[in-house]
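Student: Listed here are the chains, written in short residue letters.
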Amino acid sequence: MSETTQTADEAQQTRDGPATSASVTTTGETDEQIRESWTDYQFDGRAQIVTEDLNVYYGDDHALKNISMEIPEKSVTALIGPSGCGKSTFLRCLNRMNDRISAARIEGSVEVDGREIYQDGVNLVELRKRVGMVFQQPNPFPKSIRDNVSYGPRKHGDIRKGLLDRLLGRDESEKERELVEHALRQAAIWDEVEDRLDDNALGLSGGQQQRLCIARALATDPDVLLMDEPASALDPIATSKIEDLIHDLSEDYTVVIVTHNMQQAARISDQTAVFLTGGELVEYDRTDKIFENPESERVEDYISGKFG
Amino acid sequence: MTREQYQNRLEDLRADVLYMSELVGNRLSRALDALSQKDEAMAREVTDGDDVINRQYLELEGECVNLIARQQPVAGDLRFITASFKILTDLERIGDLATNLAAYALEADREIFSDVDTQQIGAATLAMLDAAMEAYEAGDVDLCWAVARRDDEVDEMCESASDAVVRGLITSGELIEGEIETKLPEVRRLLLTVRDLERVGDHAVNVAARTLYMVESNDELLE
Numbered sequence: 001m002s003e004t005t006q007t008a009d010e011a012q013q014t015r016d017g018p019a020t021s022a023s024v025t026t027t028g029e030t031d032e033q034i035r036e037s038w039t040d041y042q043f044d045g046r047a048q049i050v051t052e053d054l055n056v057y058y059g060d061d062h063a064l065k066n067i068s069m070e071i072p073e074k075s076v077t078a079l080i081g082p083s084g085c086g087k088s089t090f091l092r093c094l095n096r097m098n099d100r101i102s103a104a105r106i107e108g109s110v111e112v113d114g115r116e117i118y119q120d121g122v123n124l125v126e127l128r129k130r131v132g133m134v135f136q137q138p139n140p141f142p143k144s145i146r147d148n149v150s151y152g153p154r155k156h157g158d159i160r161k162g163l164l165d166r167l168l169g170r171d172e173s174e175k176e177r178e179l180v181e182h183a184l185r186q187a188a189i190w191d192e193v194e195d196r197l198d199d200n201a202l203g204l205s206g207g208q209q210q211r212l213c214i215a216r217a218l219a220t221d222p223d224v225l226l227m228d229e230p231a232s233a234l235d236p237i238a239t240s241k242i243e244d245l246i247h248d249l250s251e252d253y254t255v256v257i258v259t260h261n262m263q264q265a266a267r268i269s270d271q272t273a274v275f276l277t278g279g280e281l282v283e284y285d286r287t288d289k290i291f292e293n294p295e296s297e298r299v300e301d302y303i304s305g306k307f308g
Numbered sequence: 001m002t003r004e005q006y007q008n009r010l011e012d013l014r015a016d017v018l019y020m021s022e023l024v025g026n027r028l029s030r031a032l033d034a035l036s037q038k039d040e041a042m043a044r045e046v047t048d049g050d051d052v053i054n055r056q057y058l059e060l061e062g063e064c065v066n067l068i069a070r071q072q073p074v075a076g077d078l079r080f081i082t083a084s085f086k087i088l089t090d091l092e093r094i095g096d097l098a099t100n101l102a103a104y105a106l107e108a109d110r111e112i113f114s115d116v117d118t119q120q121i122g123a124a125t126l127a128m129l130d131a132a133m134e135a136y137e138a139g140d141v142d143l144c145w146a147v148a149r150r151d152d153e154v155d156e157m158c159e160s161a162s163d164a165v166v167r168g169l170i171t172s173g174e175l176i177e178g179e180i181e182t183k184l185p186e187v188r189r190l191l192l193t194v195r196d197l198e199r200v201g202d203h204a205v206n207v208a209a210r211t212l213y214m215v216e217s218n219d220e221l222l223e
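Protein sequences, first through last, are from chains A and B. The first sequence: position 199 = 199 (my numbering), numbered continuously. The second sequence: position 169 = 169 (my numbering), numbered continuously.
Rather than coming from a laboratory, the hints here were simulated on the basis of the structure. Glycine included, each C-beta is placed from N, C-alpha and C at the ideal position. Errors might be hidden in some of the hints.
[Claimed, not checked] Simulated restraints, written as ranges between beta carbons of each label pair:
1) B:E22 with A:S83: 46 to 54 angstroms
2) B:E22 with A:S37: 40 to 48 angstroms
3) A:S68 with B:E11: 37 to 45 angstroms
4) B:L58 with A:S68: 53 to 61 angstroms
5) A:P142 with B:E137: 50 to 58 angstroms
6) A:R286 with B:L222: 32 to 40 angstroms
7) B:N218 with A:I237: 28 to 36 angstroms
Model the full structure from these sequences, guided by the hints.
Tutor: Okay, structure coming up:
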């Protein structure tokens, strides 16, 4: 076909391959159609979390667009993407943390273990006990290390302790001791704090505080751990400990982690979801696939550090 | 994948490369036996088994790519993975050469130029491969240089073997009609055997060169 008989569209298509692949517009931005197959991640085993057509609006801002994702249990799922892409918003939807934002409007469905969490009558305390959250900045309570871990179980009534319980003869100090040790061991910090459980948690290093916060989240025996940039405030050694820990935890828990650090996602996750600007999920697949041969050109550019 | 797991994966890669080298060395040794003993069954075993090596090669190459893509290795780890990546290719090629040698064993039916000792050359190249892999396993720099020196000897052995064949052909005088045709494939096979063994030596040197780079970031043997 000669150049003169081509339509503009055909000429574009000839240069860029199939119409569904990225085509560069005059502004230099890529205008790529997201294919459903790029986000239709197939895996063996059970899905712990299923979202369907999840949309989030902050006022007029459409922060998340039609996110349908199945997150397998007992594995690490990384959410990556540039600032403002909606990955943290998505994470917060998974235990209804966005409920606190009055301007936020959420549409669509999120199921945890087959149960819709956005329906009336869902017990939020119970939900957040099963779906724990660890934040970017370690935020231990200004209390003892022991109290930080046992706070949740006591609040939820899993252990009884205090003056009244002592008087009534149902003090469960031994149970508390076991629970605290178990959680601290799971969070790989027990060896560093076993001699000073009554010290104030704020005296720990940043990395230790973060592992303490993970222990605190584990103490309520959750199924899912959500982590929002859990290592970004830490040095490389503390980061490495957290990464080791996340891997070990994924044997028993479903971990969903938001990270700005693509290398971290590559190192620790089993599957990776890439959100790009505009609140869209562009690609979701095995981490091997995403980092070795992504389908989307925009994803390839993003993970290669080529922007614009 | 984590740092501890990552270290385990690096150790596994090292063990797998060593295991592949054992398989390859074993095949080379059997090909040489098949040549000397005219053992058709053994030769066929070698020619038929090359796909095992190829599969392992592709699998380990994939592991190297995956480690680079997901673990962002730097410094010594990066040199180890990239050196292993290249060494795998050399091992796979030695596997191919073993297949060639076994194929010659299948075709050859009589001994010519009995003074040309391909077994001796074969044993020398096999020893080079073993030494190169030992250097890789132990990070032994001296052994890397020793392998390179040994290759000069092997090259000389190969050269004098080829010379002996050519000299023999020239001095044997004119061959009678018909004899040329029957002798031609035999001579060609013998020369190819010598050439392939020489190449095995070259690949063993490559392994040593990559190992030297891996251990000391020294690329002198690569030149």
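Student: Under the constraints set out in the numbered hints, which ones does this structure not fulfil?
Tutor: Going through the list in order, the structure violates hint 4 alone and respects the others.
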